[in-house]
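Q: Using the sequences provided together with the hints, build the complete structure.
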Amino acid sequence: MNALMPVLVLSTSLVPALVIFFLQERQQRARTVINLAGALAKLALVVVMLERVARDVHYETRLTLLPGLDLLLRVDALSLLFLTLSAFLWLLTTVYAISYLGNGPHLSRFFGFFSLCVAATTGIALAGNLITFFIFYELLTLSTWPLVVHRGDRPSIAAGGRYLAYTLAGGAVLLVGIVWLESLTGPLLFAVRGSLAGVDPATLQVIFWVLIGGLGVKTALVPLHSWLPAAMVAPAPVSALLHAVAVVKAGAFGILRIVYDVYGLELVHALSLGLPLAALASLTIIYGSFRALQQSDIKRRLAFSTVSQVSYIVLGASIHGPAATIGALAHLVHQGLMKITLFFCAGALAERLQIHKVEDLDGIGRTMPWTATAFSIGALGMIGVPPIAGFISKWYLGVGGVEAGQPWVVLVLVGSSLLNAAYFLPLVYRAWFVPASRDAAPGRERPLWLIAPAIVTAIASVAVGALAGLAFSPLGWSTLIFEHEYSR
Amino acid sequence: MMDAGRLLLVLALAAPLAMALSVPLVARPLRLLPWAAVPGLVATLLAPGGALIELPILLLGLSLQLDRIGAVFLGFGSLLWLLAGAYARAYLARTERAGSFSVFWLLTLAGTLGTFVAADAVTFYASFSLLSLAAYGLVIHDRTTGARRAGRVYIVLAVFGEATLLAALVLAATGADSLLLADLQAALAASPWRDTALAGLLIAFGIKAGLVPLHVWLPLAHPEAPTPASAVLSGVIVKAGIIGLMRFLPMDGSVPVWGDVLIVLGLVTAYYGVVAGLVQTEAKAILAYSTLSQMGLVVTALGSGLGEPDVARALDAAALYASHEGMAKGALFLSVGIVAARDARLLRPVLAVTAVLALAIAGLPLSGGALAKLAIKAPLGEGTAALLVTLSAAGTAMLMLRFLWVLAYRGRRDADAVPAGRLVMPWTGLVLATLAVPWVLFPQLSGQPLAYAVSLGNLWAALWPILVALAAAMVALRRLRRFPLTVPPGDLVVLVEALVRRLVAGLATLFAQEAVAHRHSPKARPSDLFDAVERSLQRWPVSGPALFVVAVLLGVALGI
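These protein sequence lines are chains A and B, in that order. Residue numbering for the first sequence follows the working numbering, starting at 1 and increasing by one per position. Residue numbering for the second sequence follows the working numbering, starting at 489 and increasing by one per position.
What the hints contain is simulated information worked out from the structure, not anything from laboratory work. Treat the hints loosely; a few may be bogus.
[To be verified] Between beta-carbon pairs, the in silico distance windows are: (1) A:Leu-275 x B:Ala-993: 37 to 45 Å; (2) A:Ala-279 x B:Pro-680: 19 to 27 Å; (3) A:Arg-366 x B:Gly-917: 34 to 42 Å; (4) B:Ala-670 x A:Leu-63: 51 to 59 Å; (5) B:Thr-632 x A:Pro-426: 14 to 22 Å; (6) B:Pro-680 x A:Arg-154: 43 to 51 Å; (7) B:Arg-582 x A:Pro-426: 46 to 54 Å.
For each residue, glycine too, the CB sits at the ideal point set by N, CA and C.
A: Here it is, written out as structure tokens:
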């Protein structure tokens, strides 16, 4: 059973993907049933595994591809953190996508690649060594491209081309780094630490930056971030998935694996790699927020906000201390929940009221109150208002920075919060305190299936912050990860 | 498990929050307003003092505690919110946005009471944020241009204060054993980041309490809000800044420099409030400046207490002063609404009572204000600070006389005013409380018997500043046609706004010129510059190799 579980989890999204590809366009009900069944099955398996892994049970599946090249799927606490987020948000995004796309064209193709994308994300979460990670990482690129260009018009194809160029290049750089590293040390397992002991420090430093460079494309580190705002032409469910769950998180997760499991925090700091990485993350945080201020398109503003917020995770990872580590791990989940809320709402506004620009947000508090409330919760969470999740991460990152002797981290966080307020509060203001400029009849929020996912994630964002003291909250789980794995 | 007393304390915060969530479901939400403060009042009277209530699953560990200072603030705060809520029910009966007002009122109430009973840093911060953000809805309720502008100034300062407070709390929390306020306070004195954290706390709480020069939002926001909201803004919400100072500043005499800073800032604010208030032409603006001035005096008392061995006495005295001032100021604001109706029967009695209350703030003998002023004399000692505080009473009295004059003779009859009859009951309740409660609290909070308060010497000490002010007022009435100078409410902010406008216009012209030079579209903005940079980065179809080279170079450089 222990060996079967990872394969089972993977197949709950792989099998639906394969089946859906062969469904006819008009078999909508079958498609919906398969999608939701797969999502629910995955969620159920995740819940089972959460309880077991908390008791230090480990699941592992090994498949030898070539001598010395294993496909290793392993469930540890860190992979479960990412997996839980993916499973939960995949279910909601599926509901949202079904409602958003309605009776559009090429739905079988869309949902096929959708499920494949989630399968790839699951594989990234479960990867137990660098090669497995890389395989699923590239699979993610290839399965998200059809989603980006789904609409098939000129801007989508162009954005898709740019996306592919960036991510394939990043993947190539990542492969170079992995091959270089493993040629020096032999196959590297995430579970085994200390394997880099014999290697020359200077080489290790270079390899580190190569790996970060490869992963940095998906993580949207400056200056490799430009694909993200361009990819906003994709349909809203795709943007939601890309930003909260799949692509950007995969990059950040990869950086976490490199820093914590491949190199180890002590080695990273012994090689003086922490400070430059923290500086790069801080630059991304501030630059992303500045660029967000300048956008008048809502989705582009949210895209730059993602660029900024995901680097909190990288910042936390590069600071040597328990609080910073816990903050980084928790923010993986927190940012996902808040950002997906914002994208769900942006998509709903575009779909129901054709709102794409900031100026058109006037008065939506009256015409679409549930959507506006969910959006406000997401926005306030990004700014760091307690008890919404974002505050918890910021607190831990700040305390971690000061504890590690890097008090400038607090300045970065404060500056980022002020910038976040500067570009989010006007949106909230327009929604609630400015009368609507157009006459829009109420009742725009029916049917509710498009709005409900946003409401669920908004409530979740508040709940994981307000109930952060629970053992199974993201904060609790991150503390567990730290205690089990990294506090030696 | 939680006994009834502790449950009351949790209920004091939970009830308004629950009511706020239920507003969309209720037909007449304004009716909820007075009831929301009842649990808080009951908790003050019945909850056991001193016991710590901990709810570890909430936030980062929610802790509540009702100590003596907290009880004073919770008590007078709940009372004022209750009576102002009853007043609001009648005053805003005809407003369009009753639901919106109710939500923001209830959330602000929850946040304010939260700051009074919070026992750990995160709970305090959460309450403080809630109160700051929700109060925006109160300020901007009327949606007039003036209200929107006041809201803008308010929110900018409030958000800046929030961010500063977060930074200060993070610095203070590192190095403390736990997040409990008592631990933070103890650890702060020895912390290496002490001065930075204290500066941050002072800025954040100074914004809330209205210390010069961070006060500019106060005289704008308090008049623009609807009258019952002004009453709680001036009466209770600014006191959240005061209690913040009390809870976080190290009270063991280890930071005498900061004590002096507080004294200076407090005195400057006290006199600035009087001077700027005297030249105002609107009754509510004068009251707002008076709040400024009074909070300055409270901060002076706190600052002088910082260096004293008997700090608890200074804190108690400041609490007494703040509670009396809050209730009196609340009642004065409410009376502005009553007088605006110009009801023939009620006008004179209400004006008379208002005059008593106004002078009570200045320390009218036998009023609660006199007791409060007497209480804060002890920690101030005998030096220059004490003298300036005593003199300021004359200034306050002059300010109050100006207020009364503007209220009686300059008030326009408001055609839409709510009939005064329905507003009088809550107002009367508040007046009675303001007159009576300080007498009850005085012995416990000042350590002196009541006989001390009514001794002839102290009565005279309270009386002479008022006589001076009356004399000055007579002279002014005879000699001055109109004031030689008018200062708009918000004083400094007008300069800042003009500066910002020049800056933005300058930047726009600058970039427009660059755009013309580079043949960009006529409406070029700074973002076009960045877009161009990013586009050039994208012109290399693969910037991956570029980064690869950079990464290698960086790695090599760092390795050296």
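Q: Does each hint fit the structure? Answer for all of them.
A: Hints versus structure:
1. A:Leu-275 x B:Ala-993: 37 to 45 Å: 40 Å, holds
2. A:Ala-279 x B:Pro-680: 19 to 27 Å: Cβ of Ala-279 (chain A) to Cβ of Pro-680 (chain B): about 23 Å, so the range 19 to 27 Å holds.
3. A:Arg-366 x B:Gly-917: 34 to 42 Å: 36 Å, holds
4. B:Ala-670 x A:Leu-63: 51 to 59 Å: Given a distance of about 57 Å, which is inside 51 to 59 Å, the answer is holds.
5. B:Thr-632 x A:Pro-426: 14 to 22 Å: 19 Å, holds
6. B:Pro-680 x A:Arg-154: 43 to 51 Å: 59 Å, violated
7. B:Arg-582 x A:Pro-426: 46 to 54 Å: 31 Å, violated
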